[in-house]
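Enquirer: Could you put together the complete structure from these sequences and hints?
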Amino acid sequence: EAGVAQSPRYKIIEKRQSVAFWCNPISGHATLYWYQQILGQGPKLLIQFQNNGVVDDSQLPKDRFSAERLKGVDSTLKIQPAKLEDSAVYLCASSDIQGFVSTDTQYFGPGTRLTVL
Amino acid sequence: QKEVEQDPGPLSVPEGAIVSLNCTYSNSAFQYFMWYRQYSRKGPELLMYTYSSGNKEDGRFTAQVDKSSKYISLFIRDSQPSDSATYLCAMRTSYDKVIFGPGTSLSVIP
Chain A
1 EAGVAQSPRY KIIEKRQSVA FWCNPISGHA TLYWYQQILG QGPKLLIQFQ
51 NNGVVDDSQL PKDRFSAERL KGVDSTLKIQ PAKLEDSAVY LCASSDIQGF
101 VSTDTQYFGP GTRLTVL
Chain V
1 QKEVEQDPGP LSVPEGAIVS LNCTYSNSAF QYFMWYRQYS RKGPELLMYT
51 YSSGNKEDGR FTAQVDKSSK YISLFIRDSQ PSDSATYLCA MRTSYDKVIF
101 GPGTSLSVIP
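So the protein lines, in turn, are chains A and V. Note that the working numbering gives residue 78 to position 78 of the first sequence, counting from 1, and the numbers run on in steps of one. Note that the working numbering gives residue 95 to position 95 of the second sequence, counting from 1, and the numbers run on in steps of one.
What the hints contain is simulated information worked out from the structure, not anything from laboratory work. Be careful, since some hints might not be right.
Listed next, the in silico DSS-like pairs over lysine-lysine satisfying Cα-Cα at most 25 Å (straight line) [said to hold, decoys possible]:
(1) V/K97 x A/K78
(2) A/K44 x V/K42
(3) V/K70 x A/K83
(4) A/K62 x V/K97
Expert: As structure tokens, then:
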């Protein structure tokens, strides 16, 4: 079974530039998550999709971050404009559903390491 | 006070030692408790999953939850160099998102 794919793996940009990350979840997984992991911290949920609907985006800085999951499969996360404090690893994860609830087994991709200069 | 706290380490032990990793939390509504392992430059992977209080064992790993003390632990027996990683505790209520701890860095020295 193929895992969660993310690209690019690394990105360096200057502040005020824009950047986009791509994620392809495990085939058949209805739930997709984007996390931000700052060095020395645990992952923090930015947005959760179930199919192509948003379940939770309460911690997404909506003035600069946006995400979409068209057709309920792959997803993109965009930052525009980037700030220095956005330097982090952006992790995508996916999980299956039992009934109406996502299971707790989240499968993570390798992440995209973003450096904002 | 942060919702989930973990000693960041680094923790360094000799091969074969028993390792104890711990987390404390403040939200008494947490019911589902997880431990994830994260190797350098990789995404986290689920190791153990426990519902409510009690113990769960899987091979060399044992997870313990003490809800009365708001304290969870992960024990690793006969630790191996391949166990060297960051260990993240995670937890959630029955209706909300997963909250991760900051992680403990573990090195097992051959």
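Enquirer: For every hint, state whether the structure bears it out.
Expert: To see whether the hints hold, each was checked on the structure:
Annotation: proposed proximity of V/K97 to A/K78 holds, straight-line Cα distance about 22 Å (limit 25 Å). With a C-alpha separation of about 16 Å, the suggested pairing of A/K44 with V/K42 holds against the 25 Å cut-off. Between V/K70 and A/K83 the alpha-carbon distance is near 36 Å, which puts this suggested pair outside the 25 Å criterion. Pair hint A/K62 plus V/K97 holds up; C-alpha atoms about 18 Å apart against a cutoff of 25 Å.
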